[in-house]
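K.L.:
Top line first, the protein sequences correspond to chains A and B. The letter at position 62 of the first sequence is residue 62 when you use UniProt numbering, and the numbering goes up by one with no holes. The letter at position 372 of the second sequence is residue 372 when you use UniProt numbering, and the numbering goes up by one with no holes.
Take the hints with a grain of salt, since some may be wrong.
[Stated by the list, open to error] Sample of chain A residues at the chain B side, in silico, Cβ under 10 angstroms:
(1) Cys38
(2) His51
(3) Gln59
(4) His74
Quick caveat, the hints were computed from the structure, so don't treat them as lab data. In this text, a Cβ means the ideal position worked out from N, Cα and C, and glycines have one as well.
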Amino acid sequence: MLIPHPLLGPRDAQEFTYLGDAALMNRPDPAAGEDAFCDHVYLRGNPAGVHRELWFHEQGDRSWLVVTRNTLTHEILGAELATDVARRSE
Amino acid sequence: MRFSGLRLVKEALTGHRGWEPLWRDPDPQPRYDIVIVGGGGHGLATAYYLASVFGQARIAVLEKGWIGSGNIGRNTTIIRSNYLLPGNEPFYEFSMKLWEGLEQELNFNAMVSQRGIVNLIHTDAQRDAYRRRGNAMRLAGADAELLDRDGVRARLPYLNFDDARFPIKGGLVQSRAGTARHDGVAWGYARGADRRGVDLIQNCEVTGLRIEGGAVTGVETTRGPIGAGKVGVAVAGSSSRVMAMAGMRLPIESHVLQAFVTEGLKPLIDTVITFGAGHFYISQSDKGGLVFGGDIDGYNSYAQRGNLAVVEDVAEGGMALMPMIGRARLLRSWGGIMDMSMDGSPIIDRTPVEGLYLNAGWCYGGFKATPASGYAFAHLLATGRPHETAAAYRLDRFARGQLIDEKGAGAQPNLH
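Modelling step: build the complete structure from the supplied sequences, incorporating the hints.
P.N.:
In structure tokens form, the structure reads like this:
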């Protein structure tokens, strides 16, 4: 799989470490309670189809990317810097 | 029709015209007492034990493809009970004991072969960990033996003992472990269940769960609606997709695990060898092919195929361990979809929906668990209580902090 890094162009997925669902960026409010944190840590949407997920460019520029990928075909539909995604949601 | 040596001789002499299909191909009835979703190994075993041990009737197994098309036909056929934690080891040892009597019970040749397993040791720390594991196994009634370097060399002289990165220092052996013919297991359970009146309905995909007033009343399928008193879901790999129909999110990610087989070779490897440090394990099928694999690819996938980087990683592990296989030609590779759970251990439990039960989260270890998983799930479905060896496999253990994390890797499924 080639990941279209927004700064470095297409990079081999082997340069990256996979963390999982990009929803992991949306940490609950500290006052949200135990149930909200339990859901955040342990439960996943795990869709068959389009999935937004976090990849870390460990053997590259060490940036975090949000990659949009189809889990049924492994087709990569896009990638952006996780910092950009985080700023946009603020 | 019973299988026997006498029957085989008779059929051989009469042109093999007397064999019958192993199971019927019924149309679904409007309603069953118990519907099992998923005609893989676990679903078939569940139906078999429901009918044979727990005296249940009016059972259907719904399979979206055909019997044996999923993970029951995609694994590397290894059976073993070499776990560490008290929540796991008694369950897998129960499974091992069921394997030992399986063929006689089913009157079906599943080619269960107790050829043993050797887990290789490379460091002092690993030896300590395996000694502890071996003791845990023996406490649970399993067998375990710690070998030193010479002990491993006597059994497996062809390994590369002096690899610079991972020199072999010993091994943990379970002699009762081994392999079984995986599709033979599916066929044996399917035949056994069918003979006890279970309807095995193939090409019947569940497209919805009927839930009324917080209780399940049936399923919607590609072959029409089917009413059910209880529904047991055993669809590891696709558990999140099916349980989403009940509005549930699971502590599971689906990942692809690849496996490989070479062309047939003369007898070479008479046991199962695991080289965990090098992401490689191997055995040899009775047909002669070297059957091997390594780690999961590591990203969410429902594709039933992996990427070349992992093929390369597995091949490198194999070459580091036993350079002699470098000339063997790869015949096939394939992938299966794993329910990777948040602690690396499975789930056999009721759900918040009345009458809806879940059997999931088998990671890459579901095949060896097939008999005990079916038995324990049948126990739960029939009695409403968990089987004593599966009592730790609760769905709410994550919220309670009672994780069964053999690797201590935490809520990161691709590290289990």
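K.L.:
For each hint, tell me whether it holds in the structure or not.
P.N.:
Against the structure, the hints:
no., hint, verdict
1, Cys38, "5 angstroms, holds"
2, His51, "6 angstroms, holds"
3, Gln59, "12 angstroms, violated"
4, His74, "6 angstroms, holds"
When held up to the earlier numbered hints, the structure conflicts with hint 3 and nothing else.
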